[in-house]
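**Student:** Given chain A, put chain B in place with the hints provided.
Chains as they are written, first to last, in full-length UniProt numbering: chain A, 1 to 300; chain B, 1 to 300.
Identical copies carry no separate label here, and so any pair may be met within one copy or between two of them.
Computed cross-link-like contacts, EDC-like style, restricted to lysine to aspartate or glutamate with a CA-CA straight-line distance of at most 20 Å:
#1 Lys272 with Asp93
#2 Lys272 with Asp257
#3 Lys272 with Glu240
#4 Lys272 with Asp224
#5 Lys272 with Glu87
#6 Lys272 with Glu129
Since the hints were made in silico from the structure, they are not lab data.
Number of protein chains: 2
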Amino acid sequence: MDNAGGPVVGVDVGGTETKAVLVDASGTVLAQRRSATPPPSSDTAQRVLDVTCSLVADLSEHTAPAAVGLVVPGIVDESRGVAVFSENLGWSDVPFASLLGERIGLPVGFGHDVRAGALAEHRLGAAREASDAVFLPVGTGISAAHVHSGRVLAAGGYAGEIGQVPIEAGERRRIRLEAVASAGAISRRYQDRTGTPVAGAADVARRVAEGDPVATAVWDEAVDALGGALIWLTALLAPEVVVVGGGLSHAGPLLFDPLTRRVEEDWNLQRKPRIVPAALGDRAGSLGAALLAADLVGAT
Amino acid sequence: MDNAGGPVVGVDVGGTETKAVLVDASGTVLAQRRSATPPPSSDTAQRVLDVTCSLVADLSEHTAPAAVGLVVPGIVDESRGVAVFSENLGWSDVPFASLLGERIGLPVGFGHDVRAGALAEHRLGAAREASDAVFLPVGTGISAAHVHSGRVLAAGGYAGEIGQVPIEAGERRRIRLEAVASAGAISRRYQDRTGTPVAGAADVARRVAEGDPVATAVWDEAVDALGGALIWLTALLAPEVVVVGGGLSHAGPLLFDPLTRRVEEDWNLQRKPRIVPAALGDRAGSLGAALLAADLVGAT
Chain A
1 MDNAGGPVVG VDVGGTETKA VLVDASGTVL AQRRSATPPP SSDTAQRVLD
51 VTCSLVADLS EHTAPAAVGL VVPGIVDESR GVAVFSENLG WSDVPFASLL
101 GERIGLPVGF GHDVRAGALA EHRLGAAREA SDAVFLPVGT GISAAHVHSG
151 RVLAAGGYAG EIGQVPIEAG ERRRIRLEAV ASAGAISRRY QDRTGTPVAG
201 AADVARRVAE GDPVATAVWD EAVDALGGAL IWLTALLAPE VVVVGGGLSH
251 AGPLLFDPLT RRVEEDWNLQ RKPRIVPAAL GDRAGSLGAA LLAADLVGAT
Chain B
1 MDNAGGPVVG VDVGGTETKA VLVDASGTVL AQRRSATPPP SSDTAQRVLD
51 VTCSLVADLS EHTAPAAVGL VVPGIVDESR GVAVFSENLG WSDVPFASLL
101 GERIGLPVGF GHDVRAGALA EHRLGAAREA SDAVFLPVGT GISAAHVHSG
151 RVLAAGGYAG EIGQVPIEAG ERRRIRLEAV ASAGAISRRY QDRTGTPVAG
201 AADVARRVAE GDPVATAVWD EAVDALGGAL IWLTALLAPE VVVVGGGLSH
251 AGPLLFDPLT RRVEEDWNLQ RKPRIVPAAL GDRAGSLGAA LLAADLVGAT
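Chain A extracted, bound-state conformation (with noise of 0.2 Å):
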């Protein structure tokens, strides 16, 4: 990141949190805050806005910005600058560049989410000097954004919308893949399995360690499905590497020895990815956001 500008803002509007970087022409986060993401309702967009307004404000009181980028879920599409629809926040058709140029006064970029953090991880983490790139943040839910010669593809906002895909997993009967493989899934299923509540994935992931057989099928039917979108996006894309993001991805050898496993098992032609955790964590999606801001007053 070489912004000739100055530093800039990044946020990235999250399901339940809103997380804002400054970060300097280095791509060094000079400041950071989080807001809560306001609950969805009649107005979200516009209280979107003005947390982001807020966030904005509050970093700048460290150093002026030279340009904001905002960064949201759900389908967008960034050539339009426009959030088609997201389901969690309910909005459909909010032209999020232009509103908050008319209030922020400054350059705005405006993107999605798992797409800026594909971008942030290129430049800056997991995919560096990778020519074909995959991100694939499992969290919540399950995407991928594919990174081809510096640039993200988006296809009108619709591409890497894979969670949505049904497939056969350990029951035999079609369930889509983000309800047996996202990290909300692996907890959701090992309680209605046992009835025991747990904190989230991770806490699976410990008790598979312990030998615990249910958290183990759980477990299995999850990396399972998670191996079989792998085999396909590497047909389909050619990714030199895979960066696997969002909650999982602190999973460790539990999930990416299988996976890698996997690859080398069922893909037979002689270039396969290597299945690395993300770099940058929770921040990919905000560091993105600050990369598409940058991009509008500097060169990157």
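**Tutor:** Leaving out everything else, chain B in the frame of chain A:
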């Protein structure tokens, strides 16, 4: 195609037959020739060059071409002009672009048969005006080529080899997609189950129409497997249109109705691709080769 430098020749090396077309600036085919592809041997690449030069010389009697395009199957790295690998033709690391250029003394475009076919369907055929399209030839094998903003993504030549993906077919064991759903697999599987020889997948399709239960089972398994591939590529790439090519594309409603229904039923996002047959038939590859040539010598 606006080939300022005059007509061009496109040559498509298939597994058994090599096709060549002489094409004018408007994309009209002025003449065409076919020749047997040399069988695999220690010098297949040289013999393919011989056949190519002979076809070009033959078509040049009609009118002198300004450039030649050559496309081959297997793993092809267009950026280096090299045929990396072909199991069927038995070669590896053949620098076709420079070898043909030396022999022929004309500008040479070199590429991959399926990606060239995708380019042709995009510019001249069934995927015109789509900003994201997938060309899905289903013949002796199965692969996919993704056209994005007018360019076909290659990823070093490895993208799109979906025929190699292991799936679970009717028999509930892991089997590669193209061993279930290619045109070749359909006739082979029918013969294996009945002992009755058939004249290709079209013959099996005819038996489906007549109510043959074995033909129906084999056909349904193939269409189900192709439907699964369609959902994955829709989720990852979000194409506006999927152009099905190869031998199976002539099957009409028996193929396209269930594939379209599968996308309607299994894909829940707003943007669903149209599933349409290829417009250029078995000339897609040679026309795509001609486009690669035309791009070298004039605006397209």
